[in-house]
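Peer 1: What follows is the residue order along each chain.
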Amino acid sequence: MEAVGPDTCGGGDAARGAEGWPAPEARVHFRVTRFIMEAGVKLGMQSIPIATACTIYHKFFYEINLDAYDPYLVAMSSLYLAGKVEEQHLRTRDIINVSNRYFHPGSEPLELDSRFWALRDSIVQCELLMLRVLRFQVSFQHPHKYLLHYLISLKNWLNRYCWQRTPISVTAWALLRDSYHGGLCLRFRAQHIAVAVLHLALQAYGVEVPAEAEAEKPWWQVFSDDLTKPIIDNIVSDLIQIYTMDTEIP
Amino acid sequence: MDRDLLRQSLNYHGPSLLSLLRSEQQDNPHFRSLLGSAAEPARGPPPQQQLQGRKEKRVDNIEIQKFISKKADLLFALSWKSDAPATSEVNEDSEDGYAIMPPLEQFMEIPSMDRRELFFRDIERGDIVIGRISSIREFGFFMVLICLGSGIIRDISHLEITALCPLRDVPSHSNHGDPLSYYQTGDIIRAGIKDIDRYHEKLAVSLYSSSLPPHLSGIKLGVISSEELPLYYRRSVELNSNSLESYENIMQSSLGFVNPGVVEFLLGKLGIDESNPPSLMRGLQSKNFSEDDFASALRKKQSASWALKCVKIGVDYFKVGRHVDAMNEYNKALEIDKQNVEALVARGALYATKGSLNKAIEDFELALENCPTHRNARKYLCQTLVERGGQLEEEEKFLNAESYYKKALALDETFKDAEDALQKLHKYMQKSLELREKQAEKEEKQKTKKIETSAEKLRKLLKEEKRLKKKRRKSTSSSSSVSSADESDSSSSSSSSSSHKRHKKHKRNRSESSRSSKKHLAKASSSQIDQNRKDECFPVPTNTLASFLNQKQEVEKLLEKQDRLPYQKKQVKEKDRCPLSSSSVEIPDDFGGRSEDPRDFYTQASSSKTEKPYKSEKHFSSRRDSSDSFYRNSEDKVKTYSYRRFEKDTEGRKEHYRRWEPGSVRHSTSPASSDYSCKSVEKYKKYTYSGSRDFSRHEQRYPLNKNQGEYEIEDNYEEDIKTEVPEADGLNSKGQSESGVKKNLPQNLLNIFNQIAAFEKEKGNKPKK
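Residue numbers (the working numbering), protein chains in the order written: chain A, 609 to 858; chain B, 2 to 770.
Don't read these hints as lab results, they were simulated from the structure.
Hints should not be assumed to be uniformly reliable.
[Said to hold, decoys possible] Not everything, but these chain A residues come out facing chain B in the computed CB check (under 8 Å):
1) ARG635
2) HIS697
3) ARG768
4) SER777
5) ALA819
6) ASP833
7) THR836
8) ASN842
9) SER845
By construction, the Cβ of each residue, glycine as well, lies at the ideal position given by its N, Cα and C atoms.
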């Protein structure tokens, strides 16, 4: 598969702070998770399996040094594994086809020869490795479910025309999907991430929750008791950081 | 660009966002024009009043504003708003769909004043409200709202909002004059909002469903039970009794939250399209993804090329005559890619070569369905249809044949063969109709005159023959030697010139239709029966006829041998289709011969020998008399048997066949074979079958080998078929018309005479034994 840039240095996730430029490693992960998401879409995966694949990937490289394994192979195995975990089974053949096309745009599909089967074997082997590294804990609580419930609650409280006019749910959903470019999913609780993306979506369109000033409890506190404003800000700023990488990395 | 949205955002964030937007979206023409105009109102009224109160809150907001400005082209694009309409808001959602939560404001503990204000701001006509009747007056009743049934979901139970349901909006339930007598104070009423006075905070409701929007019109208005209260309200009441319960706890404990389909359900409810997932990443705009890069498209492409590979391998097998392998490859290709046109066409061609015309037609039709422009598929289909039509014509299924021709013509109106065949068929049908009438007249005459016609003579003869046959069957072994003698005798004696002509004719008939299926012979004989029937108007016992035919053909064979050389020269064209002229001397033709050849060959090989020929003949005739199904069943046995034999046989198949000739003789002399012949007739039968099967294999190989060249270069194949089919067809129809129409009367008479002669000969032979 594709060679990973030489810009890999140790330090793991800690090297990436909420402030400042992301560590070079984060850029690699950004690129690879971009691949996971694009391949996921092309494989017809839904948001949750894609999220699982990204989480598996991030978690794997949280445990393992980036130099140790080819991140793209890990990504492919993550996709495969996520398909199993989320019961949206994918065929390795499809994964290989889509990946091959991703790395070599416009190329013909691979022939089903020994090389193809070798690729397939490497994915399966890598999957086993990852399962062991992750100690078979590959099932995650994703923010998606929370976010959707929050959206419904909010929708009922908001004026219906305001809701219709403003694409809050789509934006929040997009933000949540994009958040998997980074390791947010490992560092924050699902509920917190869900609230944060909802917050950012509301901000983007300048939508205020009615009577927020008069309320005893802010809306985001309702959704998650242990959530504080700084946590939201942290997540939002991390999220925005990810988007700055989008413009930096072609 | 959604101007309203942008304005809303600008109002909220103030001028800093505007300037950021200007710098970030400079290159975007939409924004340039928009921001120019949006600059004034954005700066105008809202910022002043808003910014003061929020400034301290907005310290970190510059980051968000930068983000907004960078992504503004995506965030405010019209296409960003999902067009997918949120699924209907009918509040009948079952508990399983998702976790239905008490209203948010209840958790937020918003003062009643604000709730009330917001309620009257947000309530709309057509919304469903649920309340308790507080008082009934002569002009209607008042109810205190406790919850909402559609539109918005709010916690209003403590807001003491009253609504009036005027008398005219209360449907009468009985014949009593006063509809209000039906209602009592404290009843829970579901009603539709009819009128709102937002300023005075007054509501008018109606119990007629016409007050509801169309998608809610199914909901029953009027008195409801407490069980029918919306789930959210019941949860909210629970929450009120235990206000310590958190949003998260209620959600997590709800059955709907753990529903595996909850995400999908809510996505639909919120109108988010997962098939076209949204993203604010520039590189992940799914609209920029090419359809060709998707897994299904790639898989399809890959499967197609893989299937094509298999087809190629199959064609290679086909070329060397390994038809089973070729078929396997084609089937594999079709397993990989169900709709693979090339595989379908190739398999169809193989079926056609094998004589399974119906299967071939199916394949070609499917191929054409998938790729209507496929030239070969169309051509092959036309040809096969015409061929099948010819077959049906032989079976006297003229209407079916006609439909096949018409189908072929519909596919390709320039296809001449189909047109010719159709015309001939029409002509023939007309003539046969006339003929039938004539025959009917003739019969009439014959009956009245009560003269013993030749036909009746023949019938008597046939009956006698049948009786004899039965006897003979009972005592097979004893009479076999005699019959074989009789057979050889008849075959030798039949080289007379009188029967010569007839045989030649028959021979031609057979070879002409030789390209048709394996069933050919049965059909031919049946058609002959039919002819006889027409002529003589009594059913000929098939058993006898079949054996009779056998003999005839045998005689024929000898004659053919004699006449071969001149005959060949005369009919060069026939040579192509009639393998007689080629290496396999004893094989009269390819498909049609399958059933009869082994016997013929067999008798020829050992005609003068002892009991066997007769036996085989007997078996054979009985086999032919039996139905096709028997044939099939037995073939299985034969297969296994012959395979076993192959295993035993160290030599190749061909040798096996060659050796069969002397082998049979050997068997008869060896003690083991006497076992075969005497003790187990069944086994013996198998032997003959295996022999015949071997034979047919070789026969098939022969013509198929011929065809391989045709398939190799497809155009060649087309041409070949094209030239071949019309020939065969022309000859077929010519033969048909020759025997059936033009010379019908004289030929039939001749036939009868010949048959009589043959039987008399046989009769004469019998005393000899």
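Peer 1: With a cut-off of 8 Å, does the beta carbon of HIS697 (chain A) approach a beta carbon of chain B closely enough for the hint to hold?
Peer 2: At 12 Å from the nearest chain B Cβ, HIS697 (chain A) fails the 8 Å test, so the hint is violated.
Peer 1: Tell me if ASP833 (chain A) is really an interface residue toward chain B, meaning its C-beta lies closer than 8 Å to one of theirs.
Peer 2: holds, 6 Å
Peer 1: Checking hints one by one. Is ASN842 (chain A) an interface residue toward chain B, by the C-beta closer than 8 Å rule?
Peer 2: violated, 10 Å
Peer 1: Can we keep the THR836 (chain A) interface hint, with Cβ of chain B closer than 8 Å?
Peer 2: violated, 14 Å
Peer 1: Could you check if ARG768 (chain A) really has its C-beta closer than 8 Å to a C-beta on chain B?
Peer 2: With a closest approach of 6 Å, the ARG768 (chain A) hint holds.
Peer 1: At a threshold of 8 Å, is the proposed contact between SER845 (chain A) and chain B supported by beta-carbon distances?
Peer 2: holds, 6 Å
Peer 1: Restraint: ALA819 (chain A) near chain B, CB-CB cut 8 Å. Satisfied or not?
Peer 2: holds, 4 Å
Peer 1: Would the stated hint for SER777 (chain A) survive a check requiring a Cβ distance to chain B of less than 8 Å?
Peer 2: holds, 4 Å
Peer 1: Does the nearest C-beta of chain B fall within a distance shorter than 8 Å of the C-beta of ARG635 (chain A)?
Peer 2: violated, 13 Å
Consistency note: the structure conflicts with the earlier hints numbered 1, 2, 7, 8.
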